[in-house]
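Q: Throw the hints in and build the complete structure from the sequences for me.
Chains as they are written, first to last, in our numbering: chain A, 1 to 321; chain B, 1 to 384; chain C, 1 to 290.
It cannot be assumed that every hint is accurate.
If you anchor each label on the Cβ, the simulated ranges turn out as follows [what the hints assert, rightly or not]: (1) A:L248 - B:D266: 34 to 44 Å; (2) C:A66 - B:D340: 36 to 46 Å; (3) B:V247 - C:L60: 40 to 50 Å; (4) C:A176 - A:P189: 56 to 66 Å; (5) A:I177 - B:G331: 49 to 59 Å; (6) B:N58 - A:F288: 55 to 65 Å; (7) C:L168 - A:P189: 38 to 48 Å; (8) C:I131 - B:N58: 54 to 64 Å.
Think of the hints as simulated: they come from the structure by calculation, not from any bench. Heads up, the beta-carbon is just placed ideally off N, CA and C, and yes, glycines get one too.
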Amino acid sequence: MKLTKLSPKILTLLALALLVIIAPMFFPSSFYYRIGALIFINGLAVIGLVILVGYAGQISLGHAGFVGIGAYSCALAPEHLGISPVLAVFLGAFLSGLLAWLVGRPILRLRGHYLAVATLGFGILIYMVLSNEAQWTGGPDGMAVQATGLKALLKSMGFKVSASEMWYWIAAVVMMIGALIALNLHTSPTGRALRSLHDSEVAAGTVGVNVANYKLSAFVISAIYTSVSGSELALMNRFISPDVAGFLHSVELLTMTVLGGAATVFGAVIGAAILTSLPQVLTVLHDFEHIVLGLIMMLVMIFMREGLVPSLAKILRRRPK
Amino acid sequence: MTRFNHLKTTALAIALAGSAAIAVPAHADIKIGSSLAITGPASFLGDPEAKTLKMLVNELNANGGINGEKIDLIMYDDAADPNQARTFATRLVEDDEVVAVIGGTSTGATMAMIPVFEEAKVPFISLAGAVVIIDPVKKWVFKTPHTDLMACGKIFEDIKARGLSKVGLISGTGGFGKSMHEQCLSVAGKYGIDIVADETYGPKDADMTPQLTKIAGAAGLQAVVNPGFGQGPAIVTRNFKQLNIKVPLYQSHGVASKSFIDLAGDAAEGVRLPASALLVADMLDDSDPQKAVVVGYRDAYVAETGQPVSTFGGHAYDAFHILVNAIKSAGSNNPAAIRDAIENTKGFIGTAGEVNMSATDHLGLDLNAFKMLEIRDGDWTIVK
Amino acid sequence: MSELLQFFFSGITVGAIYSLVALGFIIIYNSSGVVNFAQGEFVMLGGMSTVFLFNAGVPLAIAAVAAILITCLVGIALNKLAIEPAKGASVVTLIIITIGASIFIRGMAQLVFDKQFHRFPSFSGDDPFLIGGATILPQGVWMIAGAIAVFIGLFVFFTYSLTGKAVLATSNNKLAARLVGISTNMMMTLSFGLSAAIGALAGVLVTPITLTSYDVGIALALKGFAAAILGGMGSPFGALVGGILVGLIEAMTAGYISSEYKDAASFIVILAVLFVMPNGIFGRSTIDRV
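A: What follows is the structure in structure tokens.
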């Protein structure tokens, strides 16, 4: 069987799985498991944004708000409702989806920069609630999150793994599931409808695509992805602060999406990998860290404006056989 | 003075030991980790902390290190972001394998890192303000700055001594302001203080006159307290004068640097705040045991960086010396032995005051360590 | 009554800051359709350069002019080095480029300047004017006057001058503009320089009140962007009114409702306005070509 005969969907999944399994062989210490876990957690949120930005062509500067909802669900629900932290992930996803569904319709009527500001305002509102209601959320200094008990469970079954290692595998599996769903969506009729919006909403509307409904469903799905990533972050760190819901985190997620290539799942994961590990690599530069980070963002976007993965793929394809 | 002489002799001894060690460079370095807010919203705290640590490490290594072993300082910039701080904490423990950590400029970053160090059993000295860091006591966690709870206590004590009791609060909504605000509310009753107004402002706000107008309108207002750090308190102070509010204004230890006076200008006249002796180094009596320490640190810092000294760098100074003393007295690089030695710190004179730690007190400072300062003629004076 | 007046003065003072940033936004938007997230950095550069020149002994007025020129050059460099090469890229791509530029400029600023807060003296002293029991600082009056002057200047520029019309033409249809002999590259350079200069002017005017440091830019850019959108992106009058409105909403909320949620109030109003008027208060609706 020739590799090129495989569909892009299978190819992406295979490549991701290979990456996940092979990477640990090169980890010099268990700290790298944490970076890996963070990449997969961010990767999940970014795959969600690919559905919204890459497929449906919408923009959001407030998706970190959903990260906040997912994270604080896992922090607050076990404490006040007595449900298990793992169950709280689903509660957070449900709340995020519901909220996205409620505000999505009026917000998504807006276009371009107006949509950007509306989502920005929406994200800031969530951030402010998390930061101001200190008696619930611990305020700007954040709050502790109950342990999931997964590590203890594994230990009782005779597996002794570090927390970083355990979360590496959990985050990898969750991200793979997210990637699978997104890839299936891409080729489904819904996915085709969404991509038609990306090219031209008016044209899509005139050929009978229910523009508002499809935009809304993309918004809701991406909110759920982002919320789950927030839950994972809270459960892994066992500590959470409102910063995860802040504007800067929204921008970070959007940058990962665009940097890797907004229209592809594989690009999303690469974007997440680069921007998550970059600060760790750049620590050697000390005072020059931000200069180099800004420079990389500008250079990639100027010279590879479709994002790293699509641009590199194009260069490779253009090569004479 | 005797203490200082003693330090000098120790330094000399270490220097000699150090020069002897050069001949046998077989020792491994002692790895000390640090994660500070060198950039980001708390960078004006983290920046002097980082500069102080670098300066002290270079000085110590130039003098031969500890028992002939050099200090290897591994420093990361968490930008006061708890998630990043958590990652760097993991990196320090699992990848760099440090024996102890200094840092956490902000309370949020500190709280995010604590579980990592508790689990890995690595001693951790925080430079952040809030009382929650050491109360309840955590086995591996210490801190050097006075708590926000103590600052409230010191301020309320002074307000009461002036025969006042009706206080208006205007607090920043950042972590520092929010935490100190809660602590002030919790101890107000104990000091017989009545909170008659309670307003807040955002960390990047440009004008606080609406909030201050409301506070000024509160019935029987006798004093105003402003928990917060950064540029906010300077703007509050300027707005306070603009509105011509005639009651005493108290700032917190979060503005304890010369730049506050520069930023607030004339409006700072008469403002009081609790701070460590570092700011008034020259005004201390020669008999004061802190004098030599604070003058020495201030002169060294100014010479090294060309910038005025702040109490924030002082927190790093104290943490570094407590740690170095602990490594020396532990006589080993074993984190557990170092932790025990830190907990046994007694009679250490730092920039914040005399530190006496114990199993139930991982800060070791009392209210006497705070000086109540008043700004007069553009400079600090000590309120007697 | 004097309370309300005090809240009003506070609102228009802060609003003037937002207006100045918003006015800077719309110049670049009008010529290129780019929302420049580095706009806040222009304000920071204006303030910080003035501070450092002034502290080095340069008279305040000369320091201010020099700071505006320096920032103007940075703006032109941003266009030449980052925006022009990315011609034709999508909205999101351009947003990421300008965010990258703002991180880059901030990184440079923390090296060239420092990480402390700074200010320089107010232009006309710090003795407030007393009006009806409320106070306003002379510097606040400077800021409001500055915002109005910039607005009038831009209005005249875009409505009556040939160059101004050429800038607008560039934004409406690049190809058509080039066909009628407009150098579109020149217009882009001009608008980036002008926008940076206005940003720097804002920095010079507001620093005595708001103070400045290397990272004041992000917060200003967010509020300024929101104000420009509230007014209707592209309209100078909208930017002026949008800024003042946001400032007033914040001050009134802080005064009468809750100081903790005053920033939330401004965004709630913006969201509400956009739901009713999807193109802002003074914005024109656009027609899509298919």
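Q: Taking the hints in turn, state whether each one holds.
A: Here is what the structure says about each hint:
no.: 1; hint: A:L248 - B:D266: 34 to 44 Å; result: 36 Å, holds
no.: 2; hint: C:A66 - B:D340: 36 to 46 Å; result: 59 Å, violated
no.: 3; hint: B:V247 - C:L60: 40 to 50 Å; result: 34 Å, violated
no.: 4; hint: C:A176 - A:P189: 56 to 66 Å; result: 39 Å, violated
no.: 5; hint: A:I177 - B:G331: 49 to 59 Å; result: 53 Å, holds
no.: 6; hint: B:N58 - A:F288: 55 to 65 Å; result: 21 Å, violated
no.: 7; hint: C:L168 - A:P189: 38 to 48 Å; result: 43 Å, holds
no.: 8; hint: C:I131 - B:N58: 54 to 64 Å; result: 57 Å, holds
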